[in-house]
Amino acid sequence: MGAATEGRTIAALSSPPGPGDRAVIRLSGPEAFGIVRTALVSETAARWPAGRGLLRGFFGDGHGEQPVMVLVMPGPRSFTREDVVELHLPGAPPLAQRALSRVLELGAVPAGPGEFTRRAFQSGRIDLTRAEAVLEMVSAGSEAERRAAAELQSGGLATRVDAARELLEELAALCEASLDFDESDTGHVPAAELLERFTQAGARVAEALSWEERRAPARGLPRVVLCGAPNAGKSSLLNALAGAAHALVTPAAGTTRDGVEVELALAGSRCVLLDAPGLDPRASGVDRSAQERARELREAAHLFLWVVDAARPDVEVAADEVLDLPASVPILLVWTKGDRDDARPGPPRELVGHARASVGVSALTGAGLDELRRAVSRLLSEDAGERGSAARELAARHARALRDAALELERARVALGEEAPLDLVAEALRSATRELDRIRGETTPEDVLDRVFARFCIGK
Amino acid sequence: MRSDPPVHLHPHPAPAQLGERQADVVVVGAGHAGVEAALAAARLSAHVVLVTPRLDRIGEMSCNPAIGGLGKGQLAREVDALGGVMGEATDATGIQFRMLNTRKGYAVRAPRAQVDRHLYREEVTQRVQNAAGVELVGAAADDLLVEEGRVVGVRLDDGRELRAPAVVLTTGTFLQAIMHTGEEQAAGGRIGEGAFGGISRSLDRLGLAIGRLKTGTPPRLARDSVDWDALEEQRGDAVPQPFAFASEEPGATFPTLEQIACHVTRTDERAHAIIRDNVHRAPMYAGRIQGVGPRYCPSVEDKVMRFPEREGHQIYLEPEGLETDVVYVNGLSTSLPGEVQEAFVRTVPGLARARFLRHGYAVEYDFVQPRELDPTLAVQKVAGLFLAGQINGTSGYEEAAAQGLMAGANAALWSSGRAPFVLGRHEAYTGVLVDDLVVSQPTEPYRMFSSRAEYRLLLRQDNADSRLTPRAAEVGLADDRALARLRVREELKDRALQVLRTVRAPSGRTLLELLRRPEESLAGFERSFEEVAALELPPGVRTGVEAEVKYAGYVERQVRDVERLRRQETTEIPTELDLGGLVGLSREAREKLVELRPRTLGAASRIAGINPPDVALLAVHVERARRRG
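Quick note, the sequences are listed as chains A and B, same order.
Mapping the first sequence onto the numbering used here, position 223 (from 1) lands on 223, and the numbers just tick up by one.
Quick note: to get the numbering used here, add 1000 to the position in the second sequence (first position is 1).
Just so you know, these hints were derived from the structure itself, not from any lab.
As the structure is a prediction and not an experimental result, all values here were calculated from the model.
The beta-carbon is built from N, C-alpha and C at its ideal position, and this holds for glycine as well.
There may be inaccurate statements among the hints.
[Unchecked claim] To give a feel for the contact side, a few chain A residues facing chain B, derived at Cβ under 10 angstroms:
#: 1; residue: GLU418
#: 2; residue: ALA420
#: 3; residue: PRO421
#: 4; residue: ALA426
#: 5; residue: ALA428
[Claimed, not checked] What the simulated footprint calls covered on chain B by chain A, stretch by stretch (three residues with Cβ under 8 angstroms from a Cβ of chain A suffice, anywhere in the stretch; the number is not a length):
#: 6; segment: 1393–1407
#: 7; segment: 1447–1459
#: 8; segment: 1550–1559
Model the full assembly from the supplied sequences, consistent with the hints where possible.
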């Protein structure tokens, strides 16, 4: 992978495809500056900054001129350690496509999946945990996942792993000195002191593990969250979806103080369906912790089922509510109670405008439920492809390594307590260290790297 | 565990075609490296000429009269398992045997022996003289003969030329050597002997990177001047265990010599004060020595200055032999002026009347940066030139012997067009030693430690024969007797395991299950179970069985680890890969790779300054190069 582009200047659209506020094209490599300067109108190019800097002006895409903001980041103080340029262009896909074609015409080559990050990783700019964080970020489907990825990217795990590793190294030094030198040279290290340090090291590893578990999504499956007014029919809908014998995957449904969640397969898509307590802005005396929980549920969502009562669509309230939802997460409008005589035939335009799609259902008769299942399945897969699976695998990989490290430390501690020979204690210590090194990328073979990097979306 | 070593084909051109040759292999130097090199080459049917200016100093112990110790004892056992002479010579001349670290685990257990220095030298000399295919020449080598990038022999200081396609240099501390005692300096690599500059100049001319190192030796005292009664005695093991696997055979005589005790004393503040007051007169501190000294075996002035909080430093008084009057003062290596040495030594309990037979001194000498070597210990730039021992920046008899054996064997294999013999890190401390060496830039002499071996649970002193004798036999280093001996031991081990699996304790548990507990031992079982006693296991086999039972789970895990890391470890970095041109590597990593030119990804990953992302990138490039063919 990347063989063809090695040493060349790569370019890719790095903003999400589709309409948005603006499009970003990123270039990295020895020719990045030259290519962009050639494409800029001469007046803009003349103001090219001497070092790192920002430039506003116009970009000639071969058809016309687009307003552009250019971020100039000379290597090695850039993400990839190469010369990097970012072009921030108007958010219209055809314009962005024309600009990309222009830089490719001028000599840039299209970046392979994850190639920017791969270059950064290979140049030693970021360690494996941070490279993985970019992968998580790219594939994050919910606000919570995006935040989790950001935490990983900030080096939160690396810092904790390093802290644990440092203690392990100290411990190893103590053990190894005792094994390789006469006690008259090194002094005798009492078992009690070693035990104490093992306990400390174990605590550090446990801390890294709990940080990682807190950070990463608790459940791997995409989370579909029901929202809507308290009596809009969420519970009936959940029961209708979960109650159908063919849909119920596990009987793990359980009622908690905070709401209900069920694991389901909807038209082939596995997901977790959650009924969050409603947020009724007009309600008074709402339990604060329930409110908090409801907010968390919303942030962890990958898809919202926005349930609106077809018989009593309080359009104003419903619209208010949808504005509270994270903007990046798709919304499926579910028009319930379609069986009732007083139901309106379809949702009003002002509500539909907020949603990616809408479906009319009746929990009572089952009408529209299959269509709803298909819509959920389509939105989940359309939105993110393998969304979350990368993040899940990574989090699982980290957690596994940390648990193994903890296990080895415990083994060492027990061995020490049983007065087992010190070389076995040292061995467990070495294994624990190796597990931590695995997280940091120490023993990552090439195939794993390729697998990790191949998952990146172009441009990140 | 058996596995194939990484295959390294010699990158060198074929051996020089000599019109006339006096030898297949010339070995320069007859210390612990030179002797093993000559004997190993001769075992592989090479005609060997061993050149040394002092035929009366073959196998001389320049420093302490002891073999083995932590990390080193394992090496000595491996040299024996590979057919070397060190183990048998030690057993024949040892006057005190101790197994170290017995309470710290089977993997770090290491034999150590005091030997009679004089008898050891005689024993080794005799074995060299009697070896078929080894010819001794009493002269100093003065120049390397090189034609078209190939070694063609050596020129001796008497003007004679010895033509041979392979030369092994084992010149120890003698290259441009200077000895220091206080302000006094004398040319020489060992007391009473000279220094040699010719070979240094040859190496320099060949463009090899040369460095300078320092080592030291303590004073020798007269036996009758020590107040022995005032000192604590340190005896050898009640049941001495030999170094050589042959010495454990039924009917072998071991130990052959009378066993003696050593004595222990300590420095105190009085000695420290004298040392501190005079430390400016020690060449290291006065800046007269350029070479960097050993951290692992520091001079007493180093110890006192670096650890001011220590109230005392342990000293072992070790007789240099049964007949001799010389006592070696282990722990007091020093280069302070003679009168200062005498003053502080006489403050040490038991040494008030000490008579000096010889003062301690420091030696500084040239060494070749071992990054010039490939894994066969051949110099990469000059075909046919092999280096072993202190010339490679190592310290210690055992490290020298292991290198000598490997260099001698590879010189013989290469000069006759056979495949090289390389041991992996998972196979032997010898493999760890060579692998570490070829990517190192020593700033102090390299010494073996068990912690250098990541697979040390596999690399035990008790199983050196199982690990290495079959490999040695494949190339011809070990003979049929060694193989037969190994077979007998393996059968005995199997029988013992069979008994352990079947015999049950009154609790109903098998002895095998019981033996896994830390507190149980075979010696204990021998007292309680006649089936075990009837096995009549020699101590070495008993240790091996115990280790295998008690460490079974751990050993399996290490074997798995070895398998997992094998791919990286043995993935060769193609010699044609332009390491300096790899995009994306950190500058430091690139420089280190170009300079040290590691052979495998595993070796690259162990270089300081090369970080995991660098190794990952390197892996990608190597794989890409492989796919391109």
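Results for each hint:
Look at A/GLU418: its Cβ gets to within about 6 angstroms of chain B, closer than 10 angstroms, so that hint holds up. Evaluation of the A/ALA420 hint against chain B yields a held restraint, the C-beta minimum of about 5 angstroms falling below 10 angstroms. The interface hint given for A/PRO421 is met, as the beta carbon of that residue sits about 3 angstroms from the closest beta carbon of chain B, less than 10 angstroms. Taken as an interface hint, A/ALA426 checks out: its beta carbon lies about 8 angstroms from the nearest beta carbon of chain B, inside 10 angstroms.
A hinted interface residue such as A/ALA428 counts as satisfied when its beta carbon comes closer than 10 angstroms to some beta carbon of chain B; here the least separation is about 8 angstroms, so the hint holds. Only residues whose C-beta sits within less than 8 angstroms of a C-beta in chain A count toward coverage, and the segment 1393–1407 of chain B has 0 of them, not enough to reach three; the restraint is violated. Given as covered by chain A, the segment 1447–1459 of chain B passes the check, having 6 residues with a CB less than 8 angstroms from a CB of that chain where 3 are the minimum. Closer than 8 angstroms: that is the beta-carbon criterion, and the segment 1550–1559 of chain B has 4 residues meeting it against chain A, so the requirement of 3 holds.
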